[in-house]
Amino acid sequence: MSTIVREPAVAGRFYPPNPERLRSDIDSYFSPPQKKVRAIAGMVPHAGYMYSGPVAGAVFSRLEIPPCCIVLCPNHTGRGHPLAIMKEGAWRTPLGDMPINPDLAEDLMQEFPALSEDSAAHRYEHAIEVELPFLQVCRPDVKFVPIAIGTGQLVLLEQLGQALAEVLKKTKQPALIIASSDMNHYEDDATTRVKDRKAIEKILALDAPGLYETVMKESISMCGFGPAVAMLTAARLLGAQNAELVQYATSADVSGDRKVVVGYAGVIVR
Numbered sequence: 686m687s688t689i690v691r692e693p694a695v696a697g698r699f700y701p702p703n704p705e706r707l708r709s710d711i712d713s714y715f716s717p718p719q720k721k722v723r724a725i726a727g728m729v730p731h732a733g734y735m736y737s738g739p740v741a742g743a744v745f746s747r748l749e750i751p752p753c754c755i756v757l758c759p760n761h762t763g764r765g766h767p768l769a770i771m772k773e774g775a776w777r778t779p780l781g782d783m784p785i786n787p788d789l790a791e792d793l794m795q796e797f798p799a800l801s802e803d804s805a806a807h808r809y810e811h812a813i814e815v816e817l818p819f820l821q822v823c824r825p826d827v828k829f830v831p832i833a834i835g836t837g838q839l840v841l842l843e844q845l846g847q848a849l850a851e852v853l854k855k856t857k858q859p860a861l862i863i864a865s866s867d868m869n870h871y872e873d874d875a876t877t878r879v880k881d882r883k884a885i886e887k888i889l890a891l892d893a894p895g896l897y898e899t900v901m902k903e904s905i906s907m908c909g910f911g912p913a914v915a916m917l918t919a920a921r922l923l924g925a926q927n928a929e930l931v932q933y934a935t936s937a938d939v940s941g942d943r944k945v946v947v948g949y950a951g952v953i954v955r
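Just so we're aligned: 763 in the working numbering is position 78 of the sequence shown, and the numbers increase by one with no gaps anywhere.
Since the hints were made in silico from the structure, they are not lab data. Be aware that a few hints might be false.
Said to hold, decoys possible - SDA-like mimics (lysine to any residue), calculated; alpha carbons at most 25 angstroms apart, straight line: (1) 855 - 800; (2) 855 - 788; (3) 857 - 788; (4) 902 - 844; (5) 883 - 855; (6) 855 - 844.
Based on the provided sequences and hints, a complete structural model is requested.
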């Protein structure tokens, strides 16, 4: 049987297509060597590396990467099922193919039947793809499960989080939950920092419903609030005690344009 391979959709746009350049860039984003932490979950941004790479690198360089990661992302393209998983094959990056963990994916589908096997939702979506090279550099033998979330219904996000927790409680191998999300979009730098601080406060409090309510009430255009809510729900059920803001930035820190920015936050949950 031929293996299903999801080809890169944004290599050459969001990150370098050349493997040597890509690896060099990722190495440059990593923080100075320090003791790695065993975490339950994390949140990292997914913009072009020149903007969000340092924030993502600061998180990934701190994490002890287990044999498998579950990577949750928003569905920017609107394609496919609103709760889309892939349960077989591999995703290709310039650093090689990263295999999906079929057993873990199947367990998640059994636990939460609202998940639908759907590659269309993932084909052109960048928000998981940009995280994979970081994982490959940190742990070349890592496997993963991709889930794209195109619903904003709190009950479904919480149910997904509950399913993640139930499956991970039973699994024999440790796994890390990664929520891929940028923060507020396309307002000025000062407004974005105020709005992002309100959302980050809820994340650091491990308050999934509070994050949802804050995003809605304050009109925060955090694209991955759904993945973050599901991640926080699962993390609390898995015994998380605290969350740490590793790094925060906006695109203005790179571009110098403070009139229209995007925010980026890197968080570790343990």
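*Please name the hints from earlier in the document that this structure breaks, with their numbers sorted from lowest to highest.*
5
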